[in-house]
Every structure is written in structure tokens, then in C-alpha cells.
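Protein chains: 2
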Amino acid sequence: MGFVLFAWMNIMSETAFPISDRNRLKRAHERGSYDHATVFAILDSQMLCHVAYVIDGQPYCTPTLFWREGQTLYWHGSSASRMLRHLRVGTPTCLTVAQLDGLVLARSGFNHSANYRSAMCFGTARLVEDMALKEHALLAVVDRFYPNRSAALRAMTAQEIKATSVIAMPIEQASAKVRAKNVGDDEVDGQHPVWAGVLPVSTIVGAEQPSPALLAGLERPTNLDAYAPGRRLDEVLIEMQAAYEDAH
Amino acid sequence: MGFVLFAWMNIMSETAFPISDRNRLKRAHERGSYDHATVFAILDSQMLCHVAYVIDGQPYCTPTLFWREGQTLYWHGSSASRMLRHLRVGTPTCLTVAQLDGLVLARSGFNHSANYRSAMCFGTARLVEDMALKEHALLAVVDRFYPNRSAALRAMTAQEIKATSVIAMPIEQASAKVRAKNVGDDEVDGQHPVWAGVLPVSTIVGAEQPSPALLAGLERPTNLDAYAPGRRLDEVLIEMQAAYEDAH
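Keeping their order, the protein sequence lines are chains A and B.
For what it's worth, the UniProt record's numbering labels the leading residue of the first sequence as 1, then goes sequentially.
For what it's worth, the UniProt record's numbering labels the leading residue of the second sequence as 1, then goes sequentially.
Read the hints as simulated data drawn from the structure, not as lab findings.
Check each hint, because a few of them may be wrong.
Claimed, not checked - Below, in silico cross-link-like pairs of lysine to any residue (SDA-like), each with a Cα-Cα straight-line distance of 20 Å or less:
#	chain 1	residue 1	chain 2	residue 2
1	A	Lys177	A	Gln71
2	B	Lys181	A	Gln71
3	A	Lys162	A	Val128
4	B	Lys181	A	Leu215
5	A	Lys26	B	Ile161
6	B	Lys181	B	Ser113
7	A	Lys181	B	Pro210
8	A	Lys134	B	Ser113
9	A	Lys26	B	Ser113
10	B	Lys26	A	His86
11	A	Lys134	A	Pro147
12	A	Lys177	A	Met83
13	A	Lys26	B	Met83
14	A	Lys26	B	Trp195
15	B	Lys181	B	Asn115
16	B	Lys181	B	Trp195
17	A	Lys162	B	Ser113
18	B	Lys134	B	Ser78
19	A	Lys26	B	Thr164
20	A	Lys26	B	Arg85
21	B	Lys26	A	Met83
22	B	Lys26	A	Leu215
23	A	Lys26	B	Glu160
24	A	Lys181	B	Leu65
25	A	Lys177	A	Gly77
26	A	Lys26	A	Ser45
So here's chain A without its partners, still in its complex pose:
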């Protein structure tokens, strides 16, 4: 009866991920959240994730580009990749994104820290084998970052589609963890005479580097305007995700 009630409550929660021992935050609970909105905002602010999976008891942590559609995360790779044979049947996976936002210098070693935003997502990763879904995904990975760009590209070939694996992982559970504040030791150690504070860091878009072989007369298209030099990449990527969701 308790289990039935628990399952029912999980199904009824449409705005947060269910919590179990797998994704429950073990420490610094005040930094944590299980809300869809918080998890998605962190996922959408990045294009690079780290995927953990296990082959014969050995864990691997592979960095890769990823994207999100609804509650499913996607990434792709070569059809020759290491994890492929495990992905046909589905393999337990943890996909994490984390962004460093600042270095936190306290008056004690113990209270040194970092500002960051991270999201850990759990699920079963599987190959996308349906051809229509796979083609959709290979357009989405372009258009999610660069609005409508796929329509302007040289079309995909059957060989390219075959050579690319697309992996999908519906998010079963997730947690977000954020630290976004100044040092926390003012009250306990504030009288200790050492400088304390935050050195913020952010990832910034630089000046474009056009292909040296660019056809004469081709200007950078206006659908890349959001990637203006000096802008924060995380903010651009959140805008691009919103634009993609509006358009699809």
C-alpha cells in the first residue's frame, strides 16, 4: 500500500523528478533541487556533457556534445564507438553537466569552495534505430544550436547517417546542485585577517574564425547573431534552446 501510494505520487508530480537513493543528494541539501525547470535550465546552458557508463565492470567517463528534447537527452557518436554494442540492448547511464562559475576563497581551507551549476541525469541509454527518428535527431543537433541552419546545409547522405550513431536517454531521475553565493565563513572566521571573496569565471564567445576557404561573398548569417563576441555562452545556449522549442 505504501509502495502504491509512493508510485502514484511520483506519477502525479509533473514538475519534478522522482527521488530515490540513486539521485538523492547526500550532502549540501540546500544547494539541491529535483525540479524539471531547474534541471532543464542547467542542461540547456551547455553543449558539452560527460557520460558515465560501465563496460565489464570498468567505468568510463566520456565527454560529448548533447542536446535535449523534452525529457530525453541525445548525443551522437561514431558507429565504431566503444559503447555501441551495449547501447543496442540499453545500458544504465549517468549524464552530467557542470559549469564552474567562480572560485570561492575563504579564511580557512575547509571553507574554500567553488560556485557552480550541475545536473546529474540517470536513465537507460539506447541506440535510436528508427530511421525517421534518427534523421530528425541529426537535424535537431544542428538546429538546436544554430536556428534553422540544417535547411541551408548540404544534405545528409545515407552513408553519413549509417556512420553516425544517435543515442537517446529518457531522464528517469535527475538532481541539480547549484552554489551561487559569496564565501560562507563571515560569521565563524570573519575576524581572521586574510582576503576572502569570489573570483567569478564565465565562458565567453570570441570573434568568429571563418573557414579560410569560404566562398567569396558569404557573410556570417544572421541566425548566428546570438553568438556575438563577448556574450556568455551559457546565456546564448539557453536562448537557442527556447528558440528551438518555439519553432518545433
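Assemble chain B onto chain A, guided by the hints.
Frame of chain A, contents of chain B only:
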């Protein structure tokens, strides 16, 4: 006999990690390296890594701060953390760092890519239980990033040392993978009329945010000068590692 020769060759190589199926690059070999120098330079350019480990068949991918001393990687965490019971006996671990350096826009979806620097390190992670080593590590995690800062801090307490776990992982094997160039499709698709090139990104230090409760008269110390606003964090961190190695 073949095995003996192979083992001997690995031992004789003092500048590269041994290669096996675990760390051999499966694709894009031209981007890969097993040299200590290449792997260490990528590790030293970052303070955030992702650690993959397995508990009861479930992979976890945890972002955390880390540092390097020689061929050993260290990170720390709460003594209440999830992986602690596994760390007493030692657990197979993969520690990865990856940095996004640019968005690569090609004339086809297939050739879209990213510029990046990544290093995957394999080993067995274990708790540092020796007290002298643990205290050294807790000073190193400060001084590796902020030269000589630990001497100016409020001293560690026995309770703080007890509440902190330090984890060490000697690197058994590693691989580095780097893409650092413009689009690669000039010859095959250069005549297709769409803009192509790289949008570079970099992580930059911002203006300091002193603690609001900073004691009057405390200036930012000169040993933080390398973290000047506008500088690239990766370059600062490489300098700080070199300074730490010179001083210790």
C-alpha cells in the same frame, strides 16, 4: 615471451602512459595522444573534473574539483559522500576533464564539430588514510591554485580534517584528445554556399567579488595577481601548477 616484452616496453616508457584496450582511442586517432606532457597540460588547465565510478552496477558521473601531484590525481569530498565505503578498498575510476574551445560550423551536419581538449585517466581510487599525507593534501588543494595561501589561512581543525575525505588515484593509463582547427570540409563541400567556420569560446576570469564582511584594510593579495580580470582561466591554472611544482 611476447607478454614479457610488452610489459618491459611499458615500464621503459617514462614519458607516455601504457596503452591497452581500456584507453586506446577508438576513432579520430589523429586527435589522440598518450604522452604524459599532453595529458598533464590538459589536466593542469582545469580545476573541475568529472569522476565516473560504479555502485551496484549503476554508473555515477560526479563533477568535482581536483588537483595533480606527479602522476597522482586527488580530489576531496565530505566523509558522508556516496562513494566512501567503496573507496576504503579501492574502486575502479575514470576521471575526465574536457574543455570546449570552439563551435565548428561546417557545410554539412555530418562535419559539424567542436574544438576541445580532453583527457581521460584510469586508475583505482582510494581514500588517503595516512594522516600526514591527508594534511599535506588539504594544504596542496589550496596552494596548487593560490600560491602559498594556506600559510595565511586560519589553521585546520582536527574536526575539519575528520569531516573531509581525500581521495587519491595514481594514473595507471590515460589518453588525451584534442581538436584545434578550423572546419575540415573545405575540399569536399567548399562549394556549398553556406557560411562555415569556428566560433571560439574561452573561460575568462571576471572582476573579484570581495566578501561583504571583509575586514577593513584587507587588499586582494598579490599572490592572486595571475587571476587578473579578462585572463583565460586555463592559462592561469597552468601557471599556478608550474609555480606549485617549483615551490614544492
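Does Lys181/B pair with Ser113/B here, judged by a C-alpha cut-off of 20 Å? Roughly 10 Å between the alpha carbons, so the hint for Lys181/B and Ser113/B holds.
Checking one constraint from the list: CA of Lys177/A to CA of Gly77/A, max 20 Å. Satisfied? violated (28 Å)
Below or equal to 20 Å on CA atoms is what counts here, so check Lys26/B against Leu215/A. Between Lys26/B and Leu215/A the Cα gap is close to 34 Å, so the pair fails against 20 Å, i.e. violated.
Hinted pair Lys134/B and Ser78/B, Cα distance within 20 Å: holds (14 Å)
Decide if the proposed pair is consistent with the structure: Lys181/B and Trp195/B, CA atoms, cutoff 20 Å inclusive. Holds, at roughly 16 Å.
Given hint Thr164/B paired with Lys26/A - CA-CA distance at most 20 Å: At roughly 14 Å apart (the allowed maximum being 20 Å), Thr164/B and Lys26/A satisfy the hint.
Taking only the CA atoms, is the gap from Lys177/A to Met83/A under or equal to 20 Å? Between Lys177/A and Met83/A the Cα gap is close to 28 Å, so the pair fails against 20 Å, i.e. violated.
Is the straight-line distance between the alpha-carbon of Lys181/A and that of Leu65/B 20 Å or less? Status holds; Cα separation ~17 Å.
Is Lys26/A within 20 Å of Ile161/B, Cα to Cα? Holds, because 19 Å separates the two Cα atoms, which is no more than 20 Å.
Holds or violated: Lys26/A to Trp195/B, with C-alpha atoms at most 20 Å apart: violated (48 Å)
Check whether the Cα positions of Lys181/A and Pro210/B lie no farther apart than 20 Å. holds (11 Å)
Would you mind confirming whether the straight-line C-alpha gap from Lys26/A to Arg85/B stays at or under 20 Å? holds (14 Å)
Consistency note: the structure conflicts with the earlier hints numbered 2, 9, 12, 14, 22, 25 and 26.
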